[in-house]
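Colleague: Produce the entire structure from the sequences given, and follow the hints as far as they go.
Line order of the protein sequences matches chains A and B. The opening residue of the first sequence carries number 1 in the numbering used here; numbering runs sequentially from there. The opening residue of the second sequence carries number 1 in the numbering used here; numbering runs sequentially from there.
All clues given are correct.
Quick partial rundown of chain B residues pointing at chain A, CB under 10 Å, derived from the structure:
| hint | residue |
| --- | --- |
| 1 | Val-21 |
| 2 | Gly-23 |
| 3 | Met-25 |
| 4 | Trp-30 |
| 5 | Thr-42 |
| 6 | Ser-118 |
Derived from the structure by calculation, the hints contain no laboratory data. Note that the Cβ used here is the ideal one computed from N, Cα and C, for glycine as well.
This is what each chain is made of:
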Amino acid sequence: MADVRVSPVRHDGAVAVITASELTMQFGSSLALDDLKLSIETGVTGLVGANGAGKTTLMSIVLGLRAPTRGTVRVLGLDPSVAGAEIRALVGYGPERNVFPDEMPASDFVKHMAEVRGMPRAEARGRASDALWLVGLGEERFRPLGTMSTGQRQRVKLAQALAADPSLVLLDEPTDGLDPVQRDEMLALIRQISDEYQIDVLLSSHLLEEVERICDHVVALDHGRLVAHGRLDALTGHDDGVTVELVDVADQPDALTNVVAALEAVGLVVRRDGQTGRIDVLGADVDHVADAVRDACADAQARVARIVRRRRRLEDIFEAGSR
Amino acid sequence: MSDARILDRGYRRFEGTRSGVIGAMRSVAWHTARSILGLGRTARHKVFPIIVMVIAFVPAIAFVAISVLLKGFGDELRPDYWEFFQYSFVATIVFVALVAPEAIVRDRRDGMFALYLSTPLSRLTYVVAKVVAVLSTMALVVLGPPVLWFLGYTFQSQGPDGLLGWLGVAARLLVAGLVICAVYTAVSLGVASMTSRRAFASIAVVFVVVGGAIVTDLLVNVAERSESWRVLDPLGLALEVAPRLFGDRSDDFRAVGTWQVALGCLGWAGSGVGLLTLSFRGRAAV
Numbered sequence: 001m002a003d004v005r006v007s008p009v010r011h012d013g014a015v016a017v018i019t020a021s022e023l024t025m026q027f028g029s030s031l032a033l034d035d036l037k038l039s040i041e042t043g044v045t046g047l048v049g050a051n052g053a054g055k056t057t058l059m060s061i062v063l064g065l066r067a068p069t070r071g072t073v074r075v076l077g078l079d080p081s082v083a084g085a086e087i088r089a090l091v092g093y094g095p096e097r098n099v100f101p102d103e104m105p106a107s108d109f110v111k112h113m114a115e116v117r118g119m120p121r122a123e124a125r126g127r128a129s130d131a132l133w134l135v136g137l138g139e140e141r142f143r144p145l146g147t148m149s150t151g152q153r154q155r156v157k158l159a160q161a162l163a164a165d166p167s168l169v170l171l172d173e174p175t176d177g178l179d180p181v182q183r184d185e186m187l188a189l190i191r192q193i194s195d196e197y198q199i200d201v202l203l204s205s206h207l208l209e210e211v212e213r214i215c216d217h218v219v220a221l222d223h224g225r226l227v228a229h230g231r232l233d234a235l236t237g238h239d240d241g242v243t244v245e246l247v248d249v250a251d252q253p254d255a256l257t258n259v260v261a262a263l264e265a266v267g268l269v270v271r272r273d274g275q276t277g278r279i280d281v282l283g284a285d286v287d288h289v290a291d292a293v294r295d296a297c298a299d300a301q302a303r304v305a306r307i308v309r310r311r312r313r314l315e316d317i318f319e320a321g322s323r
Numbered sequence: 001m002s003d004a005r006i007l008d009r010g011y012r013r014f015e016g017t018r019s020g021v022i023g024a025m026r027s028v029a030w031h032t033a034r035s036i037l038g039l040g041r042t043a044r045h046k047v048f049p050i051i052v053m054v055i056a057f058v059p060a061i062a063f064v065a066i067s068v069l070l071k072g073f074g075d076e077l078r079p080d081y082w083e084f085f086q087y088s089f090v091a092t093i094v095f096v097a098l099v100a101p102e103a104i105v106r107d108r109r110d111g112m113f114a115l116y117l118s119t120p121l122s123r124l125t126y127v128v129a130k131v132v133a134v135l136s137t138m139a140l141v142v143l144g145p146p147v148l149w150f151l152g153y154t155f156q157s158q159g160p161d162g163l164l165g166w167l168g169v170a171a172r173l174l175v176a177g178l179v180i181c182a183v184y185t186a187v188s189l190g191v192a193s194m195t196s197r198r199a200f201a202s203i204a205v206v207f208v209v210v211g212g213a214i215v216t217d218l219l220v221n222v223a224e225r226s227e228s229w230r231v232l233d234p235l236g237l238a239l240e241v242a243p244r245l246f247g248d249r250s251d252d253f254r255a256v257g258t259w260q261v262a263l264g265c266l267g268w269a270g271s272g273v274g275l276l277t278l279s280f281r282g283r284a285a286v
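Modeller: So this is what it looks like as structure tokens:
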């Protein structure tokens, strides 16, 4: 078996990192992927969908671990069914599963994975250290994995995916088990990897909100079908109505409720965003809606933080596509 | 005070050549071999490897040392070359049952197997890397003491006559050792691949190798079945390769034909490899 010479540079010079056509995967009578046609471009791409949507199957095909029942797929210009090993040398993978050899120091683990992905031994040691510093674990790099917190272990998973200088990184639920602060830091880190080092990222998540926050592109799957696909800013373009954010004022506890009641009294549809001070007011005539909001807020003596033209949310697109 | 300062550090792109599948296999094999021997691991993981090495090498070291210190002492007790392997028999059983299964059981338990499959490795190349690692470390236990013994005799001028004679004995020791390692590795990994718990793996391996010897003994000595049934004893059968290569036979296998020994070894090695391959074939990756 000869050593494989692979280049970190994209083989066809194309912008598309992953392309698929008529991609179908069938397990017995179950259709895991149904005739997908997509093109994933450079940057950060969110792969969203509920459990069983086909995200993991798509990732395993991208890595060349499964051959599709029908259709074609190209990853970094290569065909996974014939160049799986070459693709996997260029792709870093951060699994969802959060179990690793507990007694192994983080630096040894990341170095070992860099070597397995093709780095020379001497290079792997330095790169492991650099990757751990990058993810914020420089000072902790000699600690055994078993003594690390969930957040630190998620960072180690990211570091091992990065250490061999991949062209593309696949991350499976990288914020799983993190608290809000850790989640923000992890998302910022993923964004940084793409912006500063031009490493493309395919982020698998069931959390639409975090995909909206950091992704350039979205691939939304539902029961193996492609329900939305494209640039996030194009998909979430302007929608009817306005979004209003009110300032929470202690001596006006009912302001938001009164504003909503006033808007509904004039026939507008209002959606409240949980317990926050944000509401979406729907209506085709945006000027009319904005005037009504202004009047309702004035009458209720509510303090307005922001009124903006309403944008469609990924959740709306996903729901519309799933119907 | 030193004038040294860090000019640049941090994550950077790699422009060199990647080592591909061979490099991945080499890395996994090296990492596994170190892990089996307890190198770079906590003290409790070094206990069994140290016990195995002590049991394996002490008889050889003691015999060579005594013969050096007391020249001519024990010449009449000197074992045949093929008998060298029998002195590390206990160490080999401990290694096969308690140490070798660690090579694959651990990866299944801690998720490393799935992670390895996201690298240039495939299921097949992963298994080959693991087999190479176990085979190499087992060779230390199985081949190390006979080689030490043989070299000890050679330096005391008690070895084979002439260069050709010496090379002939060395080659036969090497082939016998490799066949024994191959059979034991296949059996140990094949059986261990059925579970993700090390304790269960060790019990299962003991059940097969020691149980095989007991069942064979009962069949032949109590039920008075044919001596050919001894091929069901993987431990004894593999060891029998050594006397056959030196034109001799051990007492237990005296009535078993050499072709039966060869076929039996092939059968055990093939069964182990088959079990190992089947076990990893359907295992989920990503």
